[in-house]
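A.B. asks: If you read the sequences in order, they're chains A and B.
Quick note: the first sequence uses the working numbering, first residue 1, plus one each step.
Quick note: the second sequence uses the working numbering, first residue 1, plus one each step.
It is worth saying that the hints were derived from the structure and are not from the lab.
Computed from a predicted model, the values in this text were never measured in an experiment.
Hints may be right or wrong, so weigh each one.
Same chains, same names: a pair is fine if it fits in one copy or spans any two.
In silico lysine to any residue, SDA-like type, Cα no more than 20 Å apart, as pairs [claimed, not checked]:
1) K112 / Y406
2) K112 / P94
3) K101 / A383
4) K358 / R43
2 protein chains.
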Amino acid sequence: MSLHSEIRLLGDQALAASRRMVSLSTRRKNDILEAMAQEIGARRAVIQAANAQDVAEARTAGLSAALVDRLTLTDAGIGAMIRGIREVAALPDPVGKRLAKRVRPNGIVIEKRRVPIGVVAIIFESRPNVTADAAVLCIKSSNAVILRGGKEALRSNQAIATALAEGGQKAGLPRHAVQFIATIDREAVRELVQMDDRIDVVIPRGGESLIRAVVEQARVPVLKHYKGVCHVYVDAAADLDMALAIVENAKCQRPGTCNAAETLLVHAGVAAAFLPRFAELCARRKVEVRADEAAREIVPSFAVASEEDWYAEYLELILAARVVKDLRAAIDHINKYGSRHSDAIVTRDERSAKKFLKEVDSAAVFVNASTRLHDGYEFGLGAEMGISTDKLHARGPMGLEELTTYKYLVRGTGQLRG
Amino acid sequence: MSLHSEIRLLGDQALAASRRMVSLSTRRKNDILEAMAQEIGARRAVIQAANAQDVAEARTAGLSAALVDRLTLTDAGIGAMIRGIREVAALPDPVGKRLAKRVRPNGIVIEKRRVPIGVVAIIFESRPNVTADAAVLCIKSSNAVILRGGKEALRSNQAIATALAEGGQKAGLPRHAVQFIATIDREAVRELVQMDDRIDVVIPRGGESLIRAVVEQARVPVLKHYKGVCHVYVDAAADLDMALAIVENAKCQRPGTCNAAETLLVHAGVAAAFLPRFAELCARRKVEVRADEAAREIVPSFAVASEEDWYAEYLELILAARVVKDLRAAIDHINKYGSRHSDAIVTRDERSAKKFLKEVDSAAVFVNASTRLHDGYEFGLGAEMGISTDKLHARGPMGLEELTTYKYLVRGTGQLRG
Numbered sequence: 001m002s003l004h005s006e007i008r009l010l011g012d013q014a015l016a017a018s019r020r021m022v023s024l025s026t027r028r029k030n031d032i033l034e035a036m037a038q039e040i041g042a043r044r045a046v047i048q049a050a051n052a053q054d055v056a057e058a059r060t061a062g063l064s065a066a067l068v069d070r071l072t073l074t075d076a077g078i079g080a081m082i083r084g085i086r087e088v089a090a091l092p093d094p095v096g097k098r099l100a101k102r103v104r105p106n107g108i109v110i111e112k113r114r115v116p117i118g119v120v121a122i123i124f125e126s127r128p129n130v131t132a133d134a135a136v137l138c139i140k141s142s143n144a145v146i147l148r149g150g151k152e153a154l155r156s157n158q159a160i161a162t163a164l165a166e167g168g169q170k171a172g173l174p175r176h177a178v179q180f181i182a183t184i185d186r187e188a189v190r191e192l193v194q195m196d197d198r199i200d201v202v203i204p205r206g207g208e209s210l211i212r213a214v215v216e217q218a219r220v221p222v223l224k225h226y227k228g229v230c231h232v233y234v235d236a237a238a239d240l241d242m243a244l245a246i247v248e249n250a251k252c253q254r255p256g257t258c259n260a261a262e263t264l265l266v267h268a269g270v271a272a273a274f275l276p277r278f279a280e281l282c283a284r285r286k287v288e289v290r291a292d293e294a295a296r297e298i299v300p301s302f303a304v305a306s307e308e309d310w311y312a313e314y315l316e317l318i319l320a321a322r323v324v325k326d327l328r329a330a331i332d333h334i335n336k337y338g339s340r341h342s343d344a345i346v347t348r349d350e351r352s353a354k355k356f357l358k359e360v361d362s363a364a365v366f367v368n369a370s371t372r373l374h375d376g377y378e379f380g381l382g383a384e385m386g387i388s389t390d391k392l393h394a395r396g397p398m399g400l401e402e403l404t405t406y407k408y409l410v411r412g413t414g415q416l417r418g
Numbered sequence: 001m002s003l004h005s006e007i008r009l010l011g012d013q014a015l016a017a018s019r020r021m022v023s024l025s026t027r028r029k030n031d032i033l034e035a036m037a038q039e040i041g042a043r044r045a046v047i048q049a050a051n052a053q054d055v056a057e058a059r060t061a062g063l064s065a066a067l068v069d070r071l072t073l074t075d076a077g078i079g080a081m082i083r084g085i086r087e088v089a090a091l092p093d094p095v096g097k098r099l100a101k102r103v104r105p106n107g108i109v110i111e112k113r114r115v116p117i118g119v120v121a122i123i124f125e126s127r128p129n130v131t132a133d134a135a136v137l138c139i140k141s142s143n144a145v146i147l148r149g150g151k152e153a154l155r156s157n158q159a160i161a162t163a164l165a166e167g168g169q170k171a172g173l174p175r176h177a178v179q180f181i182a183t184i185d186r187e188a189v190r191e192l193v194q195m196d197d198r199i200d201v202v203i204p205r206g207g208e209s210l211i212r213a214v215v216e217q218a219r220v221p222v223l224k225h226y227k228g229v230c231h232v233y234v235d236a237a238a239d240l241d242m243a244l245a246i247v248e249n250a251k252c253q254r255p256g257t258c259n260a261a262e263t264l265l266v267h268a269g270v271a272a273a274f275l276p277r278f279a280e281l282c283a284r285r286k287v288e289v290r291a292d293e294a295a296r297e298i299v300p301s302f303a304v305a306s307e308e309d310w311y312a313e314y315l316e317l318i319l320a321a322r323v324v325k326d327l328r329a330a331i332d333h334i335n336k337y338g339s340r341h342s343d344a345i346v347t348r349d350e351r352s353a354k355k356f357l358k359e360v361d362s363a364a365v366f367v368n369a370s371t372r373l374h375d376g377y378e379f380g381l382g383a384e385m386g387i388s389t390d391k392l393h394a395r396g397p398m399g400l401e402e403l404t405t406y407k408y409l410v411r412g413t414g415q416l417r418g
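Given only the sequences and the hints, what does the whole structure look like? Please build it.
C.D. replies: Laid out in structure tokens, this is it:
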């Protein structure tokens, strides 16, 4: 079979499975998830053997230690995967929830209810645990899922996907509700994301270049974030101790994440008081600072920032820093250079806080709190598929609700259009 | 300036305007809409003169009478446009509405609030009144809008767009919040829909080929429906009088609309009783019926349906008809051949109704009511931009709420991620 036909077959099978998924009760879905968790446990040795092959090949191919580390499935990693499945089973089922009800003057009763999206395609990179995380969220929200992982983790992903599908089927999961693309041919992704008659949404997870390639090729709608260029703005009316703690947390607590801070903006009125203390913190935490001229006049040891630094997502211990003349300049900087992800103001001035909340055009805007809190668990929404910086459908954490759509159910007694 | 630079400039201006739109109060927006309505009234003669030129050119070019008719702006048409603007002003403002609020154990307070999408691009065909309808919905929902109409209505659209922009500005509408693309170069559409750093959503309105071209070229997310292949299914337990009335209304009341019925499905158990009465109705209403063999055995005068008829959106007085062996076959037919738009069952059997509502994968599903009721006004949602058959963001009527997104506003007292 040609690759084209092969991918279309996967699509047909997923669509057929998605039609059967709508009839599963919450209880049945939770039984399926439990069966999946048990199967992962039962096949632990098989999964780890597949993973050992992937890891060995990655080492031979000379992948960096960090990448090999992300690829490796330890006992603890498998334990976390199993726990993660059970956590999703414990979350409330979004499907069927009534969002609105209206009785119209002509007597028709209109309900708007949450229903599954249908067929979800997930395209991701090296970490094999994404296979389980993503599949399980899709199943709990009654979607069929097609998974496509990175080539480094091919064997690990396949072993996990097979365990999920076969484990789930023991408890009543429709066949083909979880499918995995086993070829590493890149053309498979193009075929997949163009198949808008069979796939309802594609969610790419990984680096910016992967995501740009998917958007470029896709005819299916895409939910995504390209990158997280997050800001902390220290206002004239900031509590400087709090500002220091928030900047430290936003930059250093886990610098490789999308909601870590990449740029510090400081109001000119507090720059002289704040920046030397900030410089001390950065020296202690080994953060390289790339600053504009105004900041370097106060702390000459800062490196020189270029225009590109304002756009940069470092994902490591580097922070761009700039002095701004007022709140307006801070908001304009964020809306121009930011990525609409997570941005924070530190201030005691309620008017500044309100203006910042209203005018910063990002998925989550924070007052006196760390950007690192932008997360499904921290927001009380449970496990998520990632953070969206899109404005349509899902913005911010993509959890179970964001994997649903709605439809209108209309009941009448013979009503016509007049 | 090159077309590329020209369209990018429009995008820059729209983005800048959208940043100012977020600060407009509901009252200010309603004043702006009233000023727009008055300006349309004040420029009635100018608009109609522009329209007369378009109409004359269309006649010279040999456009069909139906198209010339759609293009023509009568006094009544302008009156309806003005009334339409005032109706939108009277609708509730969706912006700022709180969708959820949570206080987390660490004390942060998370609000999820409706905010405008940002920059909306509308690409439409011949009817010039779309210019006002679309612009006004975007402004009421605090979005900036870029309009691109069909070349036949170029002068009319431009006159209307200018009236809206200049009228609105008298009452405080930000400059460039309403922009119109005056070139007829098709390349402009490509530039527009690829500009995903400046435009948040594109809504194409018109024929299937226009919409497919937009989706094919777009990098910006698209909200749309390709077509409306809507079904009425007459169940074994149907009230046949009601079924006849619903089929008549769904097919004949306005056959050129997307929610008009295109296919009738009849349960085998009632086919012999129903189809002769249906044939009489069709003869009276001059509806051509294209039927499968089973239906033709009962009414031999029906034309023969081919496989393509099941996919057809006739938009005229033609109806495909098929006998199905049961509810399952009806649902499968709809999910296979339909367009996920509007589908109805006529039945007195509650179990059949429930199964149909659950399993038919369409934006609106009806029990004992006409598919023609799928409409923003009929649903009590007010004016709309059209019906979406997409599953992401907006499904069904696209009204003011569907022109908004949300963001998370988080307030803390120094909370960090642990």
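A.B. asks: Hint by hint, where does the structure go against what was stated? Just the numbers, ascending.
C.D. replies: 4
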